[in-house]
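Colleague: Whole structure, please, built from the sequences with the hints as guidance.
Protein chains: 2
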Amino acid sequence: MQKIDVGKKILSANEEYALRNNRFLAEHKILCLNMISSPGSGKTTILTRTISELKGKIKIGVIEGDIQTDIDTQRIKTTGAPAVQINTNGACHLSAAQVNSALGKLPIKKLDLIFIENVGNLVCPSAFELGENYKIVVLSVPEGDDKPAKYPAIFAKSKVLLINKIDLLKAPSPVDFDIERVKTDARKLNKGIEIFPVSAKTGSGFAEWCQWLAKSVKNLYS
Amino acid sequence: MQKIDVGKKILSANEEYALRNNRFLAEHKILCLNMISSPGSGKTTILTRTISELKGKIKIGVIEGDIQTDIDTQRIKTTGAPAVQINTNGACHLSAAQVNSALGKLPIKKLDLIFIENVGNLVCPSAFELGENYKIVVLSVPEGDDKPAKYPAIFAKSKVLLINKIDLLKAPSPVDFDIERVKTDARKLNKGIEIFPVSAKTGSGFAEWCQWLAKSVKNLYS
Numbered sequence: 068m069q070k071i072d073v074g075k076k077i078l079s080a081n082e083e084y085a086l087r088n089n090r091f092l093a094e095h096k097i098l099c100l101n102m103i104s105s106p107g108s109g110k111t112t113i114l115t116r117t118i119s120e121l122k123g124k125i126k127i128g129v130i131e132g133d134i135q136t137d138i139d140t141q142r143i144k145t146t147g148a149p150a151v152q153i154n155t156n157g158a159c160h161l162s163a164a165q166v167n168s169a170l171g172k173l174p175i176k177k178l179d180l181i182f183i184e185n186v187g188n189l190v191c192p193s194a195f196e197l198g199e200n201y202k203i204v205v206l207s208v209p210e211g212d213d214k215p216a217k218y219p220a221i222f223a224k225s226k227v228l229l230i231n232k233i234d235l236l237k238a239p240s241p242v243d244f245d246i247e248r249v250k251t252d253a254r255k256l257n258k259g260i261e262i263f264p265v266s267a268k269t270g271s272g273f274a275e276w277c278q279w280l281a282k283s284v285k286n287l288y289s
Numbered sequence: 068m069q070k071i072d073v074g075k076k077i078l079s080a081n082e083e084y085a086l087r088n089n090r091f092l093a094e095h096k097i098l099c100l101n102m103i104s105s106p107g108s109g110k111t112t113i114l115t116r117t118i119s120e121l122k123g124k125i126k127i128g129v130i131e132g133d134i135q136t137d138i139d140t141q142r143i144k145t146t147g148a149p150a151v152q153i154n155t156n157g158a159c160h161l162s163a164a165q166v167n168s169a170l171g172k173l174p175i176k177k178l179d180l181i182f183i184e185n186v187g188n189l190v191c192p193s194a195f196e197l198g199e200n201y202k203i204v205v206l207s208v209p210e211g212d213d214k215p216a217k218y219p220a221i222f223a224k225s226k227v228l229l230i231n232k233i234d235l236l237k238a239p240s241p242v243d244f245d246i247e248r249v250k251t252d253a254r255k256l257n258k259g260i261e262i263f264p265v266s267a268k269t270g271s272g273f274a275e276w277c278q279w280l281a282k283s284v285k286n287l288y289s
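One line per chain: the protein sequences are A and B, in this order. In this note's numbering, each residue carries its 1-based index in the first sequence increased by 67. In this note's numbering, each residue carries its 1-based index in the second sequence increased by 67.
Where hints are given, some of them may not hold.
The calculated lysine-lysine pairs, modelled on DSBU-like cross-linking and capped at a C-alpha distance of 35 Å, are [to be verified]:
{"no.": "1", "chain 1": "A", "residue 1": "Lys-217", "chain 2": "B", "residue 2": "Lys-177"}
{"no.": "2", "chain 1": "A", "residue 1": "Lys-217", "chain 2": "B", "residue 2": "Lys-255"}
{"no.": "3", "chain 1": "A", "residue 1": "Lys-268", "chain 2": "B", "residue 2": "Lys-255"}
{"no.": "4", "chain 1": "B", "residue 1": "Lys-144", "chain 2": "A", "residue 2": "Lys-250"}
{"no.": "5", "chain 1": "A", "residue 1": "Lys-217", "chain 2": "B", "residue 2": "Lys-224"}
{"no.": "6", "chain 1": "B", "residue 1": "Lys-172", "chain 2": "A", "residue 2": "Lys-217"}
{"no.": "7", "chain 1": "A", "residue 1": "Lys-177", "chain 2": "A", "residue 2": "Lys-122"}
{"no.": "8", "chain 1": "B", "residue 1": "Lys-226", "chain 2": "A", "residue 2": "Lys-268"}
{"no.": "9", "chain 1": "B", "residue 1": "Lys-268", "chain 2": "A", "residue 2": "Lys-224"}
{"no.": "10", "chain 1": "A", "residue 1": "Lys-255", "chain 2": "B", "residue 2": "Lys-172"}
{"no.": "11", "chain 1": "B", "residue 1": "Lys-268", "chain 2": "A", "residue 2": "Lys-268"}
{"no.": "12", "chain 1": "A", "residue 1": "Lys-282", "chain 2": "A", "residue 2": "Lys-177"}
{"no.": "13", "chain 1": "B", "residue 1": "Lys-282", "chain 2": "A", "residue 2": "Lys-217"}
{"no.": "14", "chain 1": "B", "residue 1": "Lys-250", "chain 2": "A", "residue 2": "Lys-217"}
{"no.": "15", "chain 1": "B", "residue 1": "Lys-237", "chain 2": "A", "residue 2": "Lys-217"}
{"no.": "16", "chain 1": "A", "residue 1": "Lys-224", "chain 2": "A", "residue 2": "Lys-255"}
{"no.": "17", "chain 1": "A", "residue 1": "Lys-237", "chain 2": "B", "residue 2": "Lys-144"}
{"no.": "18", "chain 1": "B", "residue 1": "Lys-268", "chain 2": "B", "residue 2": "Lys-226"}
{"no.": "19", "chain 1": "B", "residue 1": "Lys-268", "chain 2": "A", "residue 2": "Lys-258"}
{"no.": "20", "chain 1": "B", "residue 1": "Lys-250", "chain 2": "A", "residue 2": "Lys-144"}
{"no.": "21", "chain 1": "B", "residue 1": "Lys-177", "chain 2": "A", "residue 2": "Lys-268"}
{"no.": "22", "chain 1": "B", "residue 1": "Lys-268", "chain 2": "A", "residue 2": "Lys-255"}
{"no.": "23", "chain 1": "A", "residue 1": "Lys-268", "chain 2": "B", "residue 2": "Lys-217"}
{"no.": "24", "chain 1": "A", "residue 1": "Lys-217", "chain 2": "B", "residue 2": "Lys-217"}
{"no.": "25", "chain 1": "B", "residue 1": "Lys-237", "chain 2": "A", "residue 2": "Lys-237"}
{"no.": "26", "chain 1": "A", "residue 1": "Lys-172", "chain 2": "B", "residue 2": "Lys-237"}
{"no.": "27", "chain 1": "A", "residue 1": "Lys-176", "chain 2": "B", "residue 2": "Lys-224"}
{"no.": "28", "chain 1": "B", "residue 1": "Lys-217", "chain 2": "A", "residue 2": "Lys-126"}
{"no.": "29", "chain 1": "B", "residue 1": "Lys-217", "chain 2": "A", "residue 2": "Lys-250"}
Residues on chain B that point at chain A, a partial pick, calculated with CB under 10 Å [what the hints assert, rightly or not]:
{"no.": "30", "residue": "Pro-209"}
{"no.": "31", "residue": "Pro-219"}
{"no.": "32", "residue": "Ala-281"}
Since the hints were derived computationally from the structure, they do not count as laboratory data. Just so it is clear, the structure is predicted and the values come from calculations on it, not from any experiment. Quick reminder that beta carbons are idealized off the backbone N, C-alpha and C, glycines included.
Modeller: Structural data, given as structure tokens:
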């Protein structure tokens, strides 16, 4: 029997689209971040505040992934940033083909940074590359400090962990949440992960997060 | 061409196991509830408090579904209730075959009620029957009041909606959450859904929820 070594990995349809998206974004020198979390961790609120804080400095576009509704896209549009809605109609994650189609609807030449807000789900989206440069995982305080241990995949794969809703850690009735346990568990899975504790409600921690974004946009293609 | 009408629905492997589990539970007159929510909505804390409140009245067992770790089973065992851990090793939902295997490890003849705590995920578990009598969806206040609209499937399929962490609605710094919007949106999807606002932290609302459980155990096979 003769063996044929084709010498290259055979890509899935999703990986093909992801590679295509990645090349397209590189050509246009756009940083692309794939934001992943449970429903209700505050992804959209983080985005609206981030866009406002970086107004005039970094031009941001958003691709919104939701099972149903365009509630989040409407919220993003109040900031003035361009946003495109994808409805997955039941699917638990975005696909690279859907993102490919959405990229064609954004004013690409006017953008420095694209956020993809994935479907709210701490499990499935971590397994599907969309062509992004980095994944960003969001964990909010009321979700509990055991989540990196219980849902390790996304914490292992992300460049940044945003710990949101830290305003709920304050007196008089703080939520039980050991922020040091989260940092330790996340770093056990992913030594170099950047961690920013923030509150999208009060703006606490946004200076550091936005500084990281500005630096990453500047350094990515230089 | 000859048509052959087999006259019955062909079941998937999962449906076969679900049916088998359902028959097994009925034989033993056990009420089985499949609890579904995002990570961190408070499923395990609801269970530990429910078990304590019903101690001496209803005999409860728990099947714990998690991607990794047995943290939740250890928490359940502190109440004295029997609990069996399933680790899905990456899968985003429990399967009926996994539940079938776990049922064999519980002291079935001593139980009135089995809770299955599914993997934390508001999307995928809603599509897989496990043989339960009813699904119970948990939504916690900090997740936001737009979740029934954005993740309709599980709200449409559940017998009960537990709105957890209502202690966070209180002054001095209440979380933004319109409980009436949640009730209205859930009832649009599911007219007869039972809704219990609770706090697993303070015990608020548990009298009504536990009364519903006691009534359901009593009525199911009578």
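Colleague: Hints first: check each against the structure and report whether it holds.
Modeller: Going through the hints against the structure:
Among the hinted pairs, A:Lys-217 with B:Lys-177 is consistent with the structure: their alpha-carbon atoms are about 30 Å apart, no more than 35 Å. Between A:Lys-217 and B:Lys-255, the direct Cα distance comes to roughly 33 Å. Compliance with the 35 Å bound is thereby established for this hinted pair. Straight-line distance between C-alpha atoms of A:Lys-268 and B:Lys-255 comes to about 30 Å, which keeps the hinted pair within the 35 Å bound. A distance of roughly 27 Å separates the Cα atoms of B:Lys-144 and A:Lys-250; the hinted pair therefore holds under the 35 Å criterion.
Distance restraint check for A:Lys-217 and B:Lys-224: the Cα-Cα separation of roughly 26 Å lies within the 35 Å cut-off, and the hinted pair is therefore satisfied. With a C-alpha separation of about 23 Å, the suggested pairing of B:Lys-172 with A:Lys-217 holds against the 35 Å cut-off. A threshold of 35 Å between alpha carbons decides the hint, and for A:Lys-177 with A:Lys-122 the separation of about 13 Å falls inside it, so the pair holds. The straight-line distance between the Cα atoms of B:Lys-226 and A:Lys-268 is roughly 34 Å, inside the 35 Å bound, and the hint therefore holds.
With a C-alpha separation of about 33 Å, the suggested pair B:Lys-268 and A:Lys-224 falls inside the 35 Å cut-off, and the hint holds. Simply put, A:Lys-255 and B:Lys-172 have alpha-carbon atoms about 33 Å apart, close enough for the 35 Å limit, and the pair holds. The hinted pair formed by B:Lys-268 and A:Lys-268 meets the criterion: a straight-line CA distance of about 23 Å does not exceed 35 Å. For the hint pairing A:Lys-282 with A:Lys-177, the CA-to-CA distance comes to about 19 Å; that is within 35 Å, so the pair holds.
Distance restraint check for B:Lys-282 and A:Lys-217: the Cα-Cα separation of roughly 34 Å lies within the 35 Å cut-off, and the hinted pair is therefore satisfied. Among the hinted pairs, B:Lys-250 with A:Lys-217 is consistent with the structure: their alpha-carbon atoms are about 30 Å apart, no more than 35 Å. A distance of roughly 30 Å separates the Cα atoms of B:Lys-237 and A:Lys-217; the hinted pair therefore holds under the 35 Å criterion. Our distance criterion of 35 Å between C-alpha atoms is met by A:Lys-224 and A:Lys-255, whose separation comes to about 12 Å.
For the proposed pair A:Lys-237 and B:Lys-144, the alpha carbon gap of about 31 Å is at most 35 Å, so the pair holds. For the proposed pair B:Lys-268 and B:Lys-226, the alpha carbon gap of about 23 Å is at most 35 Å, so the pair holds. Distance check on the hinted pair: B:Lys-268 and A:Lys-258 sit about 34 Å apart at the alpha-carbon level, within 35 Å; holds. Using a Cα cut-off of 35 Å, the hinted pair B:Lys-250 and A:Lys-144 holds, with the two alpha carbons roughly 27 Å apart.
Between B:Lys-177 and A:Lys-268 the CA atoms are separated by roughly 49 Å; this puts the pair beyond 35 Å, and the hint is violated. Straight-line distance between C-alpha atoms of B:Lys-268 and A:Lys-255 comes to about 30 Å, which keeps the hinted pair within the 35 Å bound. The straight-line distance between the Cα atoms of A:Lys-268 and B:Lys-217 is roughly 21 Å, inside the 35 Å bound, and the hint therefore holds. Annotation: proposed proximity of A:Lys-217 to B:Lys-217 holds, straight-line Cα distance about 25 Å (limit 35 Å).
Distance check on the hinted pair: B:Lys-237 and A:Lys-237 sit about 15 Å apart at the alpha-carbon level, within 35 Å; holds. Simply put, A:Lys-172 and B:Lys-237 have alpha-carbon atoms about 43 Å apart, too far for the 35 Å limit, and the pair is violated. For the hint pairing A:Lys-176 with B:Lys-224, the CA-to-CA distance comes to about 44 Å; that exceeds 35 Å, so the pair is violated. With a C-alpha separation of about 28 Å, the suggested pair B:Lys-217 and A:Lys-126 falls inside the 35 Å cut-off, and the hint holds.
Taken as a hint, the B:Lys-217 and A:Lys-250 pair is honoured in the structure, with Cα atoms around 30 Å apart against an allowance of 35 Å. At about 4 Å, the closest approach between the beta carbon of B:Pro-209 and any beta carbon in chain A falls short of 10 Å, and the interface hint on this residue holds. Hint on B:Pro-219 holds. Least Cβ distance to chain A is approximately 6 Å, under the 10 Å limit. Evaluation of the B:Ala-281 hint against chain A yields a violated restraint, the C-beta minimum of about 29 Å exceeding 10 Å.
The structure fails hints 21, 26, 27 and 32 (numbered hints given earlier, in ascending order).
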